[in-house]
Amino acid sequence: MRMLINEPERVVGDALRGMAAAHPELLVDEEHRLIVRRDAPVPGKVGLVSGGGSGHEPLHGGFVGPGMLDAACPGEVFTSPVPDQMTRAAAAVDGGAGVLFVVKNYTGDVLNFDMAAELAEDDGVEVARVLVQDDVAVTDSLYTAGRRGTGGTLFVEKLAGAAAEAGAPLARVAAVARQASEASRSFGVALSSPTTPAKGGPTFDLPAGELELGIGIHGEPGRERRPVMTSAEIADFTVDALLADRMPTGPVLLLVNGMGATPLLELYGFNAEVRRVLAERRVEVARTLVGNYVTSLDMAGCSVTLCQVDEELLRLWDAPVSTPGLRWGR
Amino acid sequence: MRMLINEPERVVGDALRGMAAAHPELLVDEEHRLIVRRDAPVPGKVGLVSGGGSGHEPLHGGFVGPGMLDAACPGEVFTSPVPDQMTRAAAAVDGGAGVLFVVKNYTGDVLNFDMAAELAEDDGVEVARVLVQDDVAVTDSLYTAGRRGTGGTLFVEKLAGAAAEAGAPLARVAAVARQASEASRSFGVALSSPTTPAKGGPTFDLPAGELELGIGIHGEPGRERRPVMTSAEIADFTVDALLADRMPTGPVLLLVNGMGATPLLELYGFNAEVRRVLAERRVEVARTLVGNYVTSLDMAGCSVTLCQVDEELLRLWDAPVSTPGLRWGR
Amino acid sequence: MAQRDAEFIRRWLEAAAEAVARDASRLTELDSAIGDADHGSNMRRGFAAVVATLADQPPTDPGGTLRVAGRTLISTVGGAAGPLYGTLLRSAGKALGDDPVVDDERLAEALRAGVDGVASLGGAAVGDKTMVDALLPAVSALPDYPAARQAAEEGAAATVPLRARKGRASYLGDRSTGHLDPGAASSALLIGALADAAAAGAEAGGAEAGGAEAGGAEAGDD
Amino acid sequence: MAQRDAEFIRRWLEAAAEAVARDASRLTELDSAIGDADHGSNMRRGFAAVVATLADQPPTDPGGTLRVAGRTLISTVGGAAGPLYGTLLRSAGKALGDDPVVDDERLAEALRAGVDGVASLGGAAVGDKTMVDALLPAVSALPDYPAARQAAEEGAAATVPLRARKGRASYLGDRSTGHLDPGAASSALLIGALADAAAAGAEAGGAEAGGAEAGGAEAGDD
Ligand SMILES: Nc1ncnc2c1ncn2[C@@H]1O[C@H](COP(=O)(O)OP(=O)(O)O)[C@@H](O)[C@H]1O
Ligand SMILES: Nc1ncnc2c1ncn2[C@@H]1O[C@H](COP(=O)(O)OP(=O)(O)O)[C@@H](O)[C@H]1O
Ligand SMILES: [Mg+2]
Ligand SMILES: [Mg+2]
Ligand SMILES: [Mg+2]
Ligand SMILES: [Mg+2]
Chain X
1 MRMLINEPER VVGDALRGMA AAHPELLVDE EHRLIVRRDA PVPGKVGLVS
51 GGGSGHEPLH GGFVGPGMLD AACPGEVFTS PVPDQMTRAA AAVDGGAGVL
101 FVVKNYTGDV LNFDMAAELA EDDGVEVARV LVQDDVAVTD SLYTAGRRGT
151 GGTLFVEKLA GAAAEAGAPL ARVAAVARQA SEASRSFGVA LSSPTTPAKG
201 GPTFDLPAGE LELGIGIHGE PGRERRPVMT SAEIADFTVD ALLADRMPTG
251 PVLLLVNGMG ATPLLELYGF NAEVRRVLAE RRVEVARTLV GNYVTSLDMA
301 GCSVTLCQVD EELLRLWDAP VSTPGLRWGR
Chain W
1 MRMLINEPER VVGDALRGMA AAHPELLVDE EHRLIVRRDA PVPGKVGLVS
51 GGGSGHEPLH GGFVGPGMLD AACPGEVFTS PVPDQMTRAA AAVDGGAGVL
101 FVVKNYTGDV LNFDMAAELA EDDGVEVARV LVQDDVAVTD SLYTAGRRGT
151 GGTLFVEKLA GAAAEAGAPL ARVAAVARQA SEASRSFGVA LSSPTTPAKG
201 GPTFDLPAGE LELGIGIHGE PGRERRPVMT SAEIADFTVD ALLADRMPTG
251 PVLLLVNGMG ATPLLELYGF NAEVRRVLAE RRVEVARTLV GNYVTSLDMA
301 GCSVTLCQVD EELLRLWDAP VSTPGLRWGR
Chain P
1 MAQRDAEFIR RWLEAAAEAV ARDASRLTEL DSAIGDADHG SNMRRGFAAV
51 VATLADQPPT DPGGTLRVAG RTLISTVGGA AGPLYGTLLR SAGKALGDDP
101 VVDDERLAEA LRAGVDGVAS LGGAAVGDKT MVDALLPAVS ALPDYPAARQ
151 AAEEGAAATV PLRARKGRAS YLGDRSTGHL DPGAASSALL IGALADAAAA
201 GAEAGGAEAG GAEAGGAEAG DD
Chain E
1 MAQRDAEFIR RWLEAAAEAV ARDASRLTEL DSAIGDADHG SNMRRGFAAV
51 VATLADQPPT DPGGTLRVAG RTLISTVGGA AGPLYGTLLR SAGKALGDDP
101 VVDDERLAEA LRAGVDGVAS LGGAAVGDKT MVDALLPAVS ALPDYPAARQ
151 AAEEGAAATV PLRARKGRAS YLGDRSTGHL DPGAASSALL IGALADAAAA
201 GAEAGGAEAG GAEAGGAEAG DD
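Protein chains in written order, with UniProt numbering: chain X, 1 to 330; chain W, 1 to 330; chain P, 1 to 222; chain E, 1 to 222.
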């Protein structure tokens, strides 16, 4: 067994207890499954709430703190949280300026957040919602549940979080989030399946010598299986897919993201190849983040996200952030 | 293939190019295999140099920056770097106050750093050396190469780095490093073998349903193989091993470290169990760090490190640090 | 025509909970082929919570029982299945109002309203390879319970060759074909449990009298 | 007694480079059983660099050749093997001074000094399950090259039942027994290459004349 757990049913609860112990600067409510900024609600500040299935850490709980999320709602592993969590989170972080829900575009997340938004508005909290749907691997989105939200979520949460921290009103924070979401594109590749506690083993079988192109972050199989490719070939394929969908007309933020089990050493090497392709295609990279940020448990593989930024978004990116998963500035 | 690489021989060079692209705040010398603080040498400041085989990222290269290392020397995967790298690093970071080598206790690292120290001193650089040897899994150290340096390295580099940043002279920085080293104890557990580029596959076979207790960070088999244990059982075993070797008489820093492929979700859950055992044994935890910091490529598993601190070490721990892998304060 | 009370609904949902628990790993297995390997544990968790809630504070009417059960699913399942199955039961419960007993025709209509709720919430039609493929033909066949069971099973089986157009299986494109939809499979279990509950009632001589199950002992309480 | 020049040493080291490259994955395999799976790639990288350096700027005396080769190993191998094998060659080279030609007895003594250097740097004695177990008996048998080869192979084989007391295999405690030490295995390759070089010279009629290898063509240059 590749898992460091007690029982599958206890994984999320145990993790929250451990987070509480490790991060006294956060308020971790194990019973109601919430991770909240300790000084919430910040009077007059828009509250930023996100959440989703567990197993993508540090997303979202590791992005709670000044300059990013006010609260995160962790669901069971790969399972959207329930409306009660989001309603409670909205109440906990509403400083009178309303709350923005950042929702990754999956049927479950959308339905649960929508139900929560209705309930929160019944309680008198103003709620706006922004969908993240950055995964270009999902084609024909008319005949699907639409594009998935993946790595772009990090950009949306950081940029909107900085806007909220700076005191922007709800409409403006939502507009920043929407701009970041629309400017983000991702593509992912799996070199192995993740091991989920519920199943106790890999979600899919990937024979040695093959990889999955166009995967999401839930261990779903991808669009296509191919014989193994080198880091350079994967970078060519991935960046081409991103640029074919949206050719940036200005500088981008670049996230070279590990799916959980790909070593930093390999991710940095992959970053070199991604930068090579981007330079060949004359895409200017303003900032780069390399690491395991939007993960899929212990899946080996990577994803690349580009987010085109203007001067304001770049300033918001550089603004201070202080969370377990992302921290810089003052 | 679980690896995101071009060719095994290129892994370290590619990673350095990717690091250079991701971290303009660092000086990455791909040719000479060095990662150096951009403002080095800082006049009057003791230079802190470490290094070791690659594959343990973020250790050491990700710990270069204000408040921690001045330079890191990455070797090939799991292979100690060569003396030329360390001599060059010493020259690059010597601000006139001398240089401290932080060396993990492995035959290769010790021999290469010692050769480098001799050469650097020939060049007129004052060099001190501190060994990290925190792994309690290595018993009978009289009949072995001694205890391995593992997770405790992070504490030594951070605490000595803070002392150096504060302007302490070489003897004092070395004393802090030695105190941190002597106060650190680690124990590691593998749930899978890492995949090395040179071998192209797992270093050892771990049948489903078994784990390795007392592993190092190079994919060496551990001291003992056992049927799988729960997170709670592993915490009991691990903390017992640490406390049997050294029962702290004051507060400790706690590192709950992932070996590379164990999800943060599981590490946090494990942290809850570690804290439970420490509380039962009345050990006070002053600060906790949970994450993949001293890794073994894509090995699944974890290690626990305790480092007893006095008020000064705690102050040094809290002091600002600004590196790719560890960042807080101003 | 048989009359159905709160106890009948409770027996149905208990039987559903048992079926879902028994088949949890099969449902998860189905979900790992074209989804994210959580459907079995989601359903088991949700229905166990339903059973616990109903045991704790049993509503006295079938509509209230369905509404409480639906709310419990919404609060405990998460994912796509939580809101969808929750809506199925809540909408059906709303259609029944607070009547203490309803006949099979009313119940069938209410469940049709529930399936309408699912379809309008999720936007799925028959053929999209979702739970709707099992639910819709089943509730159309009601109040003929054995026919409903068969329709659900056939509807579920019919999802195998389909290309998914809703839910996360849709991301797979053509690779979603050749697999049974996990939600359709769990819907067939729920409808099967309903048919079992009805058959147990009929065996015991009609009305809402309990079957062979342990729960049957309490059948007269209500 | 045969005379040995720089060319002889070069042929030895080229043969060693070939042997190490050929057996790299075997060495790595041995190292993965009781070490960290890098010995083969370390040795291949180092000896390839030695060959390149010697081709580029060949020293004209055997001592200088050994010293350059040793320095190259130290600068390119890393790990435990780099400093140890580097010291072996450098110490031997120092013992030979700058003489353009040395006899087999001088060479044997120099290599004994090299092995002393290894033992004192690494602190290992025979029986500690290291390269010393192959090297020490081999250099003791010199200048009888075939006997040295046999001694190295036997010394390496003798490491199998031992419990390691030096290097990273020592961390394994009892689990280190039953495996061939990778450094002892590579030492046997190096000594074997030396014996080959000597045999090739002997075949060609004594002195330092080239063997059948490509390098043999340049044998008279020196
Ligand atoms: N839009 C939809 N309409 C109806 N049913 C849906 C829809 N989306 C998903 N489903 C059903 O939900 C099932 C998946 O449930 P589950 O695995 O619990 O949730 P998730 O997909 O969020 O992991 C699918 O098999 C499908 O039957
Ligand atoms: N102290 C020592 N003395 C002599 N030889 C040693 C010593 N330590 C290690 N060795 C040799 O080095 C070999 C390992 O070399 P290598 O794998 O390249 O380095 P590392 O152990 O650093 O990975 C061992 O098999 C052993 O023969
Ligand atoms: Mg799910
Ligand atoms: Mg090594
Ligand atoms: Mg699912
Ligand atoms: Mg080795």
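Where hints are given, some of them may not hold.
As the list claims (entries may be wrong) - Residues from chain X shown here face chain W by an in silico Cβ test under 10 Å; the list is partial:
1. 17
2. 22
3. 55
4. 61
5. 122
6. 189
7. 201
8. 205
9. 270
Read the hints as simulated data drawn from the structure, not as lab findings.
The C-beta atom is built at its ideal place from N, Cα and C for all residues, glycine as well.
Status of each hint after checking the structure:
no.	hint	result
1	17	holds (4 Å)
2	22	holds (4 Å)
3	55	holds (6 Å)
4	61	holds (9 Å)
5	122	violated (33 Å)
6	189	holds (8 Å)
7	201	holds (8 Å)
8	205	violated (14 Å)
9	270	holds (5 Å)
This entry does not satisfy hints 5 and 8, going by the numbered hints stated previously.
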